[in-house]
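Assembling the complex is the task here: the two chains are given apart, and the hints tell you how they should meet.
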Amino acid sequence: MTQRASMRVAYGKALAECGALNPELVVLDADVSASTQSHYFAARFPERFFNLGVAEAGMVDVAVGLALGGKVPFVNTFAFLLSLRAAEQVRTCVAYAQTNVKLAAGYGGLSDSYDGPTHHSICDLAVMRAMPHLAVVVVADAVEARQAVPAVAEYAGPVYLRLSRAEVPVIFDERHPFRIGEGVLLRQGSDLTLMGTGIMVARCLEAAEELAGQGIQARVVEIHTLKPLDRALILQCARETGGLVTAEEHSIIGGLGSAVAEVVGERLPLPLERVGLQDCFAETGGYNELLARYGLDVGHIVAAARRVMKRMP
Amino acid sequence: MSREIVVSFHPESLVAELVEKVRLLRIEVVKMIHQAGSGHPGGSLSAAEIVTALYFHQLRLDPAHPDWPERDRFILSKGHAAPLLYAALAHRGFFSREELATLRQMDSRLQGHPDRLRTPGVDMTAGALGHGLSIGVGLALAARLNDAPYRTYVLLGDGEIQAGVIWEGAMAAAKYRLDQLTAILDYNDVQLDGPVHEIMPLEPVVDKWRAFNWHVMEIDGHNMGQILDALDEAENIHGYPTIIVAHTTKGKGVSFMENQSAWHGRAPSDEELRLALAELEEEMGERGGRS
Chain A
1 MTQRASMRVA YGKALAECGA LNPELVVLDA DVSASTQSHY FAARFPERFF
51 NLGVAEAGMV DVAVGLALGG KVPFVNTFAF LLSLRAAEQV RTCVAYAQTN
101 VKLAAGYGGL SDSYDGPTHH SICDLAVMRA MPHLAVVVVA DAVEARQAVP
151 AVAEYAGPVY LRLSRAEVPV IFDERHPFRI GEGVLLRQGS DLTLMGTGIM
201 VARCLEAAEE LAGQGIQARV VEIHTLKPLD RALILQCARE TGGLVTAEEH
251 SIIGGLGSAV AEVVGERLPL PLERVGLQDC FAETGGYNEL LARYGLDVGH
301 IVAAARRVMK RMP
Chain B
1 MSREIVVSFH PESLVAELVE KVRLLRIEVV KMIHQAGSGH PGGSLSAAEI
51 VTALYFHQLR LDPAHPDWPE RDRFILSKGH AAPLLYAALA HRGFFSREEL
101 ATLRQMDSRL QGHPDRLRTP GVDMTAGALG HGLSIGVGLA LAARLNDAPY
151 RTYVLLGDGE IQAGVIWEGA MAAAKYRLDQ LTAILDYNDV QLDGPVHEIM
201 PLEPVVDKWR AFNWHVMEID GHNMGQILDA LDEAENIHGY PTIIVAHTTK
251 GKGVSFMENQ SAWHGRAPSD EELRLALAEL EEEMGERGGR S
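Keeping their order, the protein sequence lines are chains A and B.
If you read the first sequence in the numbering used here, its first letter stands for residue 1, the second for the next number, and so on.
If you read the second sequence in the numbering used here, its first letter stands for residue 1, the second for the next number, and so on.
Chain B with its partners taken away, still in its complex shape (with noise of 0.2 angstroms):
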């Protein structure tokens, strides 16, 4: 089994002010979808933890210079959960956070999936699944020949793993004994037609991750002190490529999302909105979220 990280080497202080992130990061992306008529609120409500302690606290970046060459790389290789990355990428500084209502209208930066080229901070395109593991891979690869500091960090998801290509970049990863590359698996079982499971089971994950010759940390991916806790453990390992396989709630936060591949890519109702938001604005802290 992998190791269980039990107490979190983070400050309480930290964790709770990333918790409130998260909160806010969840109100933005159901108000988004709402107000887009599309979009896919389950899985980026799964991610969000792990979205906000990337952008919150691990990730070097500089909001006013988002080429800057030696910034982390992050690629939501899942990119259905764009508005998810949309809302961090606003709170973080990089457009403002009005322009998030924008979301999926004609002429926005803030494409159905994300766009390199249109939005400010977004690394690479994505949208469709199974490029950004090996995509990350490059990213490594050039930081290694460059002698560049960056670290990449690819946000897979669990679905996406079915796909082949994921194995390509997976086994090249190890090959190159790439160190600077962290992928996380947002494991929510849950997919677009229905539990992962029974779709098509991936178990045991983390056997076929550590058979590919990666070092593998599994953890509750809402779990705010863990996350960062095994974000750090990954910049110390040496000679392999780090997976984070996070296990996560689908559509988490959101009582009637949890859970439901209904939820994967529908739009909320104005009622469903007003429920979604008087669960979101009243509570986190009971619901889980604290290390």
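The shape of chain A in the complex, shown without the other chains (with noise of 0.2 angstroms):
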């Protein structure tokens, strides 16, 4: 877990090549594309970008006209506000009108960690997985943030695309295959299932590695969709382990934990913990040193994992 790579600009470089190929994409940004990294695909096709300028919302609903003249449009500005700011565009002009448009949101979770509460996103997960038709899907590496891209450029419809700001260890190589929808078994164990989503995947893995140092076997799992979700692979896990911990970096309310308790709470209850914020928001700080106090940490994974198995029959 030594090697790390920004995942924002996997994306950007990896829009830009997708455009290449596709001459139908088309990407909006919103004053922020030396942070998005849609700079990559401005530069070399000048013609299909547009920014509009600090004006998410109506940028939301340019990409939705664009798409009803047949174009597959990248819309790029910060998680937060592409999912609250514009969260009635998404909701009537995306969802609803079920509008091929791909919201790509950057700067997911803690990761503008110095900038603070305001520019960290930790409820675009709950508010965008209310959304019927809307797919949802967060990225946990550089090589899957690229993968993403033509994946969510040919799905049939829109997608919710959470991205991150950070550096993050690599833990793909290029043969992984990304498919939506899709969960990926990333380590075996019988014990329980640490089901991770976004940078927390990696942390999980740390997570199993040091649970199997306590004579734990933990599976470990990636949820990368949240939206349509591999029921089948969750409560495979829940039946063939018997517990489960959710990590995510996001609320406990209404993302990943949640979308996994409605699960197996309907199906199969059984003992589950839920890593990720407590209700309530950050501060502004170092990334590594936020995710450590808001219980974000290979630690807190750990304990949430020996809590679970206190909790087991």
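Keep in mind the hints are simulated off the structure, nothing from the lab.
It is possible that part of the hints are untrue.
[As the list claims (entries may be wrong)] Here are the computed lysine to aspartate or glutamate pairs in the EDC-like style, where the Cα-Cα straight-line distance is at most 20 angstroms: (1) A:310 / A:240; (2) B:31 / B:98; (3) B:175 / A:47; (4) B:31 / B:271; (5) A:13 / A:167; (6) B:175 / A:240.
[As the list claims (entries may be wrong)] The following residues of chain A were derived to be distant from chain B, with all beta-carbon distances above 12 angstroms: (7) 91; (8) 116; (9) 253.
[To be verified] One side of the interface only, derived from the structure: several residues of chain B facing chain A at Cβ under 8 angstroms: (10) 141; (11) 145; (12) 169.
Glycine included, each C-beta is placed from N, C-alpha and C at the ideal position.
Listed below in structure tokens is the structure:
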């Protein structure tokens, strides 16, 4: 787990590559292309790049019009703006109207750590997951960010793609078969399952290693698609391991933990712990320090796993 | 001041034919809303001439092929005027006039507000105010990228342009010099809670759009000749999006509904329907509508 790579740079370059292959792809940004890295696309395809200024709601509606005109628009800005300021645009004109708009949400979670809670995005997944017809995807590393771009572009329908500002550990290699809607088994284990999304996937793998040292064999699964959710895999893990820990860079309300709890609560109730922000805002600070202070460290996953083990019959 | 168009360049026979169609659509609107038991008569009646001019003269459409890629696009941004749009589509041949009686009923293709996925000829879902202009910007940008010949028309409500997101679209349209985009403002000066000039004044509205780098025309929105001329002029403007500020009367054509915010969103009773139809069936010509 030593190699790290920038997720946003991988995304930005992949977007430009995808634009070379797909002439229908267009890109919009709201004055943050230097941050989201949509500038790579802008430099190569200026005629297909639209900078709408600080106008996130209007930008989403412009993308809707482009989609109605047959284009495949990728809308770029920070996750909190896309999911909250433009939420009604997303609900009415993207989700309800089922327009083929791709919402690329940069700076997910606490990754813009020093800018503080105004720029953190800790409830976007809750809001986006509640939108009918909208797929919700959270990528875990730079490789997956690169793979997600063509997959999202080809997906028939609107997608919310959550990215990160951070340089994060590379956990996948290029042969990783990324398919929207399919969870990924990353480590076998039979005592319990750690289910992670986004940057927490790497931390789940580290936690599993640590748990192995304590004699606990944890299975690790990545749920990159919160919607449509891979219910079959979640229920399989529940049946086979009997206990679950979810881990996400998001409030414990409404994101991966809620999604998994909904599935097992209805079909197969079992000991479950949710790692994430405990219904609070964070603060300004270094990224790793914030993750540690707000309950998103490897140690928090390990502790949650031990609590689950204790609760298991 | 904006240029006043006094003389129509269109033949009187065309204007007369369209004015008669306006009357028929108004009758449909009050019948539909009465039948449904809910809906928005005021803003449907105010826009009747505008929508008639678009659907029965201006828009290049093919009712047999609602998804024809080169068709002109129309976005009813003030989606609560859905009954008027449905009446126009039915009379234009997109679906049967009998279907109009299903407005707002379960399983109907005619939802309370327009749904592009259910209703043939509806280009975009609408209802929540403020979206249409930016969506029109996107459609016009797509036309440019695709080298497609269609024009995009957006009908805005006056209360609707109180929404800040409208002005995001206004800036974008001017930035990209979208001369394929025409907005029409149904300026009836009445919104749900009362007069627009009291709730949140728009004036000087022509100056606002001009300051946003739009080509602005100001017309009588019940004068068919002026509407047709303004739509023609918009087609011949290069380098600027156009907005036609159309002064209208909320509830136009039904005396007791006119200028009444109470008729923004309520259905006529049986007796009110009878009175409304009596007015609409006996005249139009003398009350206005002719150029």
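We went through each hint and held it up to the structure:
Under the criterion of a C-alpha separation no larger than 20 angstroms, the hint pairing residue 310 (chain A) with residue 240 (chain A) is consistent with the structure, at around 17 angstroms. In summary, the hint linking residue 31 (chain B) to residue 98 (chain B) is supported, as the alpha carbons are separated by about 12 angstroms, within the 20 angstroms threshold. With a CA separation close to 14 angstroms, the supplied pair residue 175 (chain B) and residue 47 (chain A) stays within the 20 angstroms bound. Of the pairs offered as hints, the one joining residue 31 (chain B) and residue 271 (chain B) holds, with about 12 angstroms between alpha carbons and a cut-off of 20 angstroms not exceeded.
Between the alpha carbons of residue 13 (chain A) and residue 167 (chain A) the distance comes to roughly 15 angstroms, so the proposed pair stays at or under 20 angstroms and holds. Between the alpha carbons of residue 175 (chain B) and residue 240 (chain A) the distance comes to roughly 58 angstroms, so the proposed pair goes past 20 angstroms and is violated. Not every CB of chain B lies more than 12 angstroms from the CB of residue 91 (chain A), the least distance being 8 angstroms, so the non-interface label is violated. Remark: the non-interface label on residue 116 (chain A) is consistent with the geometry, its nearest Cβ contact in chain B lying 25 angstroms away (cut-off 12 angstroms).
Under the 12 angstroms C-beta cut-off, the non-interface status given to residue 253 (chain A) relative to chain B holds; the minimum distance is some 26 angstroms. Taking 8 angstroms as the C-beta cut-off, the interface hint given for residue 141 (chain B) holds, the closest approach to chain A being about 6 angstroms. A hinted interface residue such as residue 145 (chain B) counts as satisfied when its beta carbon comes closer than 8 angstroms to some beta carbon of chain A; here the least separation is about 7 angstroms, so the hint holds. With a least beta-carbon distance of about 5 angstroms to chain A, the hint placing residue 169 (chain B) at the interface is held under the 8 angstroms criterion.
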